[in-house]
Amino acid sequence: MMKVKYLLFFSLSIFLLPGCSMLQQEEPLFSLLEPDTTGIAFSNSITETDSFNVLTYGYIYNGGGVAVGDVNNDGLQDLYFSGNMVSSKLYLNKGDFRFEDVTLTSGTGTSVWANGVTMVDINQDGLLDIYVCTVNPVLGQPQTANLLFINKGVGKNGLPTFREEAQAYGLGEVGFSTQAAFFDYDKDGDLDAYLLRNAPDKNLNPNISRPKITDGTSPSTDKLFRNNGDGTFSDVSGEAGILIEGRGLGLAISDVNQDGWPDVYASNDFLSNDLLWINNGNGTFTNKIAQYLKHQTYNGMGTDIGDYNNDGLPDIIEVDMMPEDNARQKTTMESPNYDRFRLNRRLGYEDQYVRNTLQLNNGDGTFSEVGQLAGVYATDWSWSALFGDYDNDGWRDLFITNGYLKDMIDLDYVRYNSEASMFGTEEDVEQKIQEEFKKLKSIVVPNYIYQNQKDLTFKNKAQEWGLEEPTTSNGAAYVDLDNDGDLDLVVNNINSLASVYQNNADKLLKQNNYLQVKLKGQAPNRSGIGATIRIRKDGAQQFYEYYLTRGFQSSVDQTLHFGLGRATVVDSVEVTWPDGKYQLLTNISSNQLLQVDYKNAVEQKASPAPGPGPLLREVAGEYNIAYMHEEDDYVDFKNQPLLPHKLSQNGPGLAVGDVNGDGLDDFYVGASARRTGSVFIQNRMGKFSRQPLGEEPNREDDMGALFFDADGDGDQDLYIATGGNEYVAESENYRHRLYKNDGNGNFRLDEQALPALVSSSSCVVAADYDQDGDLDLFIGGRNTPRKYPMPGQSAMLRNDGGTFTNVTKSVCPELEQIGMVTSAIWTDFDNDSQADLILVGEWMPISFFRNEKGKLTNVTSSIGLTHTNGWWNSIIAGDFDNDGDMDYVAGNLGLNSRFKASVEEPTSIYAKDFDRDGNIDPVIGYYLHGKSYPAAGRDALVDQMVSMRRRFTSYADYAKVTLEELFSEDELKDAYAGYSYTFSSSYLENLGNGKFSMMALPMQAQFAPTFGMLTADMNQDSNLDLVLVGNSYATETGTGYYDASYGTVLFGNGRGGFVPASCKTTGFSVGGDAKGITRLMAAGDRLLLLVSRNSDRLKVFEEVSAVSHQAVPLQPADAFAELYYKSGKKRREEFNYGAAYLSQSSRTLLLNPKTIKEAFVTDWQGNRRKLQLGQDLLVVR
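Residue numbers (mature numbering (1 follows the signal peptide of the UniProt record, and there is no 0)): -23 to -1, 1 to 1158.
Honestly, the hints are just simulated from the structure, not real lab data. Watch out, some of these pointers could steer you wrong.
Cut-off 27 Å, straight-line C-alpha distance, at most; resulting in silico cross-link-like pairs (DSS-like, lysine-lysine) [claimed, not checked]:
#: 1; residue 1: Lys265; residue 2: Lys189
#: 2; residue 1: Lys972; residue 2: Lys830
#: 3; residue 1: Lys908; residue 2: Lys418
#: 4; residue 1: Lys497; residue 2: Lys558
#: 5; residue 1: Lys383; residue 2: Lys431
#: 6; residue 1: Lys495; residue 2: Lys582
Start from the sequences and build out the full structure, keeping to the hints where you can.
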C-alpha cells in the first residue's frame, strides 16, 4: 500500500453528536505524497549570509520551476526541478508515483542559479531536450549563460543521457533570463524561442516613475530567437520590434486576437507594464496591450492563458501579491496615491493595480477584467497560475502557488528602514537594517485551488481538496503522472521538499469522464506545438491552445487533457494544426488517450456561411455628430481622503426632444464646469448641427437635463440640474437653470422661473403628479458637497403656469433629505393612474413613494422588499413579463469590486467630524472572513484624521482593529451610519397588489457599475430587452477604475428572464466611463442610440435591421400605452420624462402592426384613446 499523507479537515463538532464516537472521513481530491514514497527529495534550499541575501539580490526568493515531459519515451511523464543555490534535478517516472533521481547519470545537474525550465524537442529527433534559464545573482560579477541539455537517448544502463549544447545552438544567451517559450512565430514550420528577462535597475527603485525605455537598450528587454532551420537560432529581437523593457516574471503564448498567428504575453514586475506582443504576420510584433486590456496587474508574476468559461476564446490570468486576509492587507498594502497614479499615466504607463487580474475575452478584441467578480483577485504573494480541469467536470479550474521567505513589504519594517536611514553612519544604518530584517516573518501559507463554478466565478477548495499544507511555493506544473485520466500537481518549494499531489478524481469522481489527446506532428514540429483543439458536446465546447510554457518558470504535460463531466461520448474533436490544416474526428468515446496524426489532416476547413449581421453599428460620423466631453481633474480626495470615489465626475447627461418644432428629434448633451453644453439639431437629411446652449460657461457640472414644455406654449424648454463637489454647499455655482424655448430652438435662461435651488443634484424627471394638466418636476439631490456621505437636497417643484414652486414640505417632507439620490422615475407602479415616484441612490434602499391625490407616501416597507440598500445608480421601467403592470430594473455597483455586501455581512459607513477639524470623516467597512474591518489603510485613515496616528502607532496595531472597535461608543453618537446589503444590478418584478420581488441580473451585467439603461425590443421578438452601459473612472486609485463593461445587451424572454447577447451579435461596444444612453428617431426612419461618456467622445449607434413599424408621436400629457398582441400577450409601456441615469429618450411609440392586435394610449388625466394600426408605416432601420 502506497504511503500517503492525507490532508484532512476535522471538526470538533463530531464529539457533540449523540451516539457518535467518530465521523467517517472522506478522502480529499488531492493527496500529498511523502518523499519516501515518491523518491523525490528535491528541496530548493536558499542559504543567506550577511553579504548575500534579499537586501543584495531582490529576487533571491523567487524560487525555481518544474518541467514535465517523457524524456525516455516510456509513456510516463518525468520531472525536472530547477534549483537556485542547489543543483537542478531530473527524476524518471518509474510508475505508481515512484521516481528515480538520474541527475548525475543523465548529466542534467546545474552549478548556476537556475530559473525557468522548459522541455522541448529542440532538434526534432524525437527526444525531449531541456532548456534552463539562468542568472548570476551576485552584483558586479559576469552573468551566466542559459543551458540547453540535448537528449542523447537511453544508454546501455537504461537511463537517458544529455549533453549541454546551448552555445552550439545559439541559445546560450547571457544575462538575467527568467523563462523561455518555444513556438512558431513566423509559421515556417519550426520552433522559435521567446526569452523573458528581468534585470535589476542599477541601484534605482524599480517603482520610481520614469520614462519607459523603448529602444531595446534596457537589459530587461526580452529576446526573440528565430530558428534558422539548420540547428541554430538567431537573435532577431530588434528587427521583430521586441524593444520595450519589462521586468519579466511570467510568459504565455496564445493567439490572443484569433487571427491564426501566435502572440506573446509577458507579465512584468514592479512599475513596468505587461507586454502583449501581437504578431503582425510578417516577422514583427507590436505591443497592443493598451488596446486590448483596460488595466493590468502591478507586480505581474506568473500567468496562464486558457478558456475558463468555455466560449472558445482565450482568457488571461495573472497573479500579484494582494493578501486575502485583513491583517496582511493592512500591514503590507500601501495606501493609494492619486498624484503618483496620474504621473504614471502622463509618463505613458498603462493603468495597473496590486491584485490578481482575470481578463475575460469578449471576442471583439477587448477584454473585461473580472478577477474581483470571479473571487480570485487576492491570493497573497503569488507565483504560478495554472488553468486546468482538476475535477474533470468539463470546466477549467485554477491553481495558484504562493509564499515568500521574508515579508519584505511589511509596512512597519519599510517605515523603520526609512527612518533608520536618516540617522547614524552608513555602517550603523546597515547594521540596524540587518537586525530588523532578521525579525521579519516568512509568508508560509497554503496554495489556492479554485473550482470553476460555471458562472464566471470560482470557489477556493484548498481545504476540501487537500491542499491546505502551508508552503513557500513557486513554480508548478500539472501532469497526469499515473495515466489515470486526471491532473496531478507538482510544486517546487523553497526550503522544503517539492510537493507531489496525487489527484484522486478517478476514484472519488467516477461519474466524471475525461479525454486525453496526444498530437503527432511532423518535423520540424513533431509535437504539433501551436495546434488548437476544440471539442464539442451537445452544443457546448472546450477550447485549448497547445503551448507548453505556463504558470511561473515552468512547462506542463505534453498530453492534452479535457474533463468531460458525465459525457461518455464527445460529438467532435477539431484539431487545427499550426500551418492551418484541419482534422475533424466525430463520436469519440471518453476515458481514452486519443492519438491525432498530422498526416491525416486536410486543408483548412471551409469557413461557415456568414450569419446575420449585428443589430447595431457605429455611425457618429455619418450623422455629423461629434462631441468630446471634457472634465477638469478636480481631486475630491484632497478634501476627503477616505472617499470611495469622486463626486465631481458624474456627467454628462443626455436629453432628446424636438426643439424647433419640425417633427424631428434633436438632443442636448451636458458639459462640465467651465464649459458649455450643446444642442444638436437635426435636419431633414438626418444630419445634425451643433450649437452651444449659451454664451456663459457652466459654473459647475451639468447633470440631469430634461426637455419638456414648462410654460404650456407648445415647445420644448430645457431644465438642467447642476451637480458636483468642487465648491462648498449652497454655493451659487450649484444654481439650477431653466431655459425657455422661443419655438425655434433658441433658448433663453429664465432666472425667475425657479425657486432658489442651489444644491448639488443628479436627476430631473417630470410628470403631472397633481393631474392639473402641466408637468411638475422632481429634482434628485446627489450630495452635500465636500461632506460625503451626507444627503443632497431633493425637491418637488410644482408647475404654476411656467414658474415653479418648491412644494417638498407639503407634498412629502421626507424627500428633502432622503439620501444621495442618483436616479428617479415617475411611474404608476400600482396601476391606479397616478404618477408614483421611485428613487435610488448611494447607500439608499430602492424607495417607493405612492401618489395619493397629490401627496407622496413612502411605502417602501410594505412592497415586499427588505434590505435593498446599495450603491444604486439608475432605475428604469418596463413590462418585462408582459402581464400589464410595470416592472423595474435598477443599476447598482455590480459584483466586480472588492466591496461585497449581503444582509448578513453588509458594507457599512460611519461618518462624522470625528476629529473636530471641520470636515466629515467617512469611514467605510466591509467584511473579511466573518468580521467587518475598515476598508482604508492606516495612512489613508491618518490623512483623513491626523489623530489616528497616535491611536494606532503601528500598522500591526491598526491591522487588529475591526470597524466597531475603531471608534468608541461616545464617538459614534450622532454619527451617520449607512449600510449596503446588495451590489447586484437587479430586476424587480411587479407581483401585483403593491408587492415586488427582486432578482439579480445575469453575471454579464455585474462586471461594473451600471449607469445608463434603455428598454427596447432590440431583436424584434415582441419582448422588451435591456441595453446597459456603465463603468466608473471616479474611483480612488486603491480600488482602481471600474472599467470591465463594454456595454451589455440582455435579451428578454417575455417572462422576466434575460439572456446576455454577445458583442458580435449586437455590434454594441461601449468602453470608457459611460453614463447616459438615449434613443431617438433620425430622418430616413432610422433609430439611433446615443451614449455619453465622461471625458470621452459621444458614441452613436444605428439599429441595423429593417422592420416595418408604425411611429406614433406622443402628446405631452401621454402617460402610458396598453399593447394587446395577437399572441394573447399584453404589455404596458410608459412614456417617462427622464429615466435611468441622466437620460431622456424620444417620446415616440413604435408599433409593429404584424404582431399587435390593439393599442391604447392614456394620459395623466386619465383620457384614453385607441390607436389606428397600420397607418403611416415606417421601415425603421
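Can you list which hints this structure breaks, lowest number first?
Violated: hint 5 alone.
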